[in-house]
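**Q** These are the residues of each chain, in order.
There are 2 protein chains.
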Amino acid sequence: MERSKFTNESVNLEVLKQRAFNLRWATIPEGVIPLTAADPDFPCAPEIVEAITRYSKERYFNYGAASGLTLFNESVANFFNVKRGIPASPDHVFPVDSAAFGIYVICKAFLKAGDEAIVFDPVDFLFRYSVETVGATAIPFGIPQQEAVNFARLEELITSKTRVICLCNPLNPTGKVFTKQELLQLGEIACRYNLIILSDEIWSDIVFAPSVFTSIASLNPEIRKRTVTVTGFSKSYGLAGLRIGAVIASNKEHYDLLMAASLHNSTIHGANTLGQVAAATALNECGYWLTDFLNHLHAMRDFCVNQLNTLEGFHCIAPEGCYVAFPTITATGKSSSEMHNFLLSKAKVAVVPGLKEWFGEGAEGHVRLSFATSKGILEEAFSRIQQSLQ
Amino acid sequence: MERSKFTNESVNLEVLKQRAFNLRWATIPEGVIPLTAADPDFPCAPEIVEAITRYSKERYFNYGAASGLTLFNESVANFFNVKRGIPASPDHVFPVDSAAFGIYVICKAFLKAGDEAIVFDPVDFLFRYSVETVGATAIPFGIPQQEAVNFARLEELITSKTRVICLCNPLNPTGKVFTKQELLQLGEIACRYNLIILSDEIWSDIVFAPSVFTSIASLNPEIRKRTVTVTGFSKSYGLAGLRIGAVIASNKEHYDLLMAASLHNSTIHGANTLGQVAAATALNECGYWLTDFLNHLHAMRDFCVNQLNTLEGFHCIAPEGCYVAFPTITATGKSSSEMHNFLLSKAKVAVVPGLKEWFGEGAEGHVRLSFATSKGILEEAFSRIQQSLQ
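Protein chains in written order, with our numbering: chain A, 1 to 390; chain B, 1 to 390.
Please keep in mind that the hints were generated in silico from the structure rather than gathered at the bench.
Note that the coordinates shown come from a computational prediction; the quantities given were computed from them, not determined experimentally.
Below, simulated DSS-like cross-link-like pairs (lysine-lysine); rule was C-alpha separation at most 25 Å, straight line:
hint, chain 1, residue 1, chain 2, residue 2
1, A, K17, B, K57
2, A, K17, A, K346
3, A, K112, B, K112
4, B, K348, B, K17
5, B, K5, A, K57
6, B, K17, A, K57
7, B, K57, A, K57
8, A, K252, A, K83
9, A, K112, A, K225
10, B, K57, A, K5
Sample of chain A residues at the chain B side, in silico, Cβ under 10 Å:
hint, residue
11, N22
12, I52
13, Y60
14, Y63
15, A100
16, F125
17, S130
18, T133
19, S234
20, G241
21, R243
22, L274
Where a beta carbon is used, it is the ideal one built from N, C-alpha and C, also for glycine.
Start from the sequences and build out the full structure, keeping to the hints where you can.
**A** In structure tokens:
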């Protein structure tokens with residue numbers, strides 16, 4: 001049964017067309033349905049707006065603390081303790097102006113020119129981009145959708161220059177949720193070669209039963225002490241425009257390196273206070289909303305996967321996490337880019353092509369579709385795609 | 001006559017003690033008066049809160065545009081056209097998450113390792129810090145409070161490695177407002193040596209008659225085409241916590257370099273949408289509020305300068321702009337740091353010591369006091385300072 005907050009009627013297209021950028025409603029030709037950037041089409045939880053309104057009513061927006069508001073740091077630490085089994089300290093947490101910046105700051109803190117970092121393939125471009133922006137080299141580690149993770153291959157990629165393994169769990173764009181056993185193997189390798197684990201957990205709330213999410217830092221103290229965890233609030237709570245994420249260090253030494261890399265103490269960078277208030281409210285008060293959102297997404301995942309598998313030349317494995325489907329389309333005879341162009345012009349549906357620049361070489365032959373929208377919009381999109389392909 | 005919005009009663013100390021960080025109310029021992037960071041003690045204009053509330057009511061905080069919201073870019077361009085006489089195009093404006101980041105981005109775009117930039121002395125540490133963070137060298141150009149600007153000396157400092165002149169106008173911490181004649185001379189030198197002018201105008205609304213503010217980019221097209229202007233909304237409107245500023249390029253070539261340096265297109269950096277809404281509202285609707293604030297500040301400047309000049313060993317020149325007083329204290333026999341410690345412990349008043357790390361070498365022998373507060377708080381502060389020095 002569809003829950004009340006995630007009905008067709010709850011999507012406000014008029015507002016989305018003004019506000020949803022990054023390849024979405026506000027940036028595409030009228031009439032096109034964007035299943036592009038992973039950004040929900042639904043309004044956020046009302047408690048978040050109430051908190052923003054309450055905070056704003058006092059009319060004071062003074063300088064926030066470089067290390068973050070106590071409310072924010074405590075909410076994040078509490079979440080990781082209670083929900084993720086990580087003994088996180090508020091003193092080792094700080095807000096960042098996006099999970100993207102968090103990834104970049106971790107790379108900046110632990111990589112220098114000439115160093116190497118292991119980056120999954122396919123995976124969101126931000127890992128390679130951040131590694132390269134700080135002057136290091138991204139070494140791609142293939143994680144194909146239908147194969148077991150090849151840890152022997154991972155070990156072969158490690159050299160004397162390797163400093164960091166970039167873990168994206170759940171893995172955008174394939175939706176893979178790493179098992180505890182896989183994470184233990186990865187962590188063991190990181191320990192053996194004395195590597196930092198960058199654990200991007202921005203998708204960790206979006207996991208479909210029976211899959212279960214595990215934070216790698218929760219496994220054991222040896223793994224935890226070399227892990228820096230990063231998360232954000234855009235995927236679970238729709239707060240991308242507020243630009244708020246969090247970095248969770250395991251110890252003071254890492255925290256100090258990360259804070260220095262962030263430039264927060266200079267005020268050059270920092271996280272706005274309203275975003276911190278919004279994120280703390282999401283964590284403390286909006287669990288019920290997230291549960292409802294996840295239930296809706298689970299149904300939409302099943303619907304999308306079924307629909308995709310009826311399309312000739314498409315094959316889609318059900319993602320275990322993330323709200324994106326990542327079908328292979330090689331049997332259509334079209335490249336990712338050709339399929340993107342075809343669907344945009346013939347079906348008026350925008351998808352993300354599986355280009356190297358977006359997701360690495362392993363993405364070729366795929367397209368990515370977000371399903372964080374209503375059943376009605378997905379039905380319309382697939383009806384158009386069906387017709388266009390006939 | 002004191003205006004209604006800036007009375008003693010309008011300062012809400014309870015909220016400030018929770019929210020005003022960066023060396024202010026929320027960070028100091030109970031009972032201390034912080035005349036430290038330049039951040040107003042008054043609530044912001046109600047129209048700003050109304051706009052935030054209106055925007056939030058829709059409950060959509062999707063990804064904003066990397067290049068900024070149209071509302072923001074147009075408001076900023078219009079402000080520079082109408083109030084500053086710069087033919088700014090919305091296409092060459094973008095939001096940044098603080099004026100501090102704007103300064104840094106300009107340095108990143110136009111300086112590489114080994115280059116040199118002219119940085120005033122004394123001036124806010126962010127200039128030297130940004131220049132050095134991108135690997136270039138900051139060459140200090142002394143601008144003593146009571147002397148004419150020595151442009152012959154400026155020219156002597158320029159070498160084959162010089163790329164940028166960092167102009168801070170009005171000049172924090174001395175409050176100097178550069179005359180049109182001075183700016184013409186500075187601009188002429190920049191043209192002759194083919195230098196970029198970084199014009200930080202975050203203080204440009206806070207100028208006390210008969211001083212008049214001039215944007216250097218308004219002088220002539222030759223100067224404009226080599227100028228990048230940066231501003232923010234924390235000084236005029238009290239929005240530091242929302243982290244919002246703007247960069248105004250003069251042409252597409254500069255704009256493209258600056259956007260690339262900003263990393264906005266990757267989403268690693270960006271400006272939150274609520275901050276953009278707040279800033280646009282400030283520019284479009286809160287001129288009346290700023291006028292009242294400036295009237296109050298003018299009276300507070302006169303009060304502070306008079307008070308400071310009654311203190312033995314202090315000498316204070318009335319600042320032409322900025323809401324900080326910057327007295328010399330050398331005749332007291334104390335260093336900046338000693339005076340800071342003395343006032344904090346004996347008078348329970350926090351000021352900013354004139355340390356090299358904060359303002360450059362030219363700041364030694366001074367302390368800086370912010371007067372963006374109520375008459376009542378300033379009276380109490382000076383009463384305590386008077387007593388402590390007796």
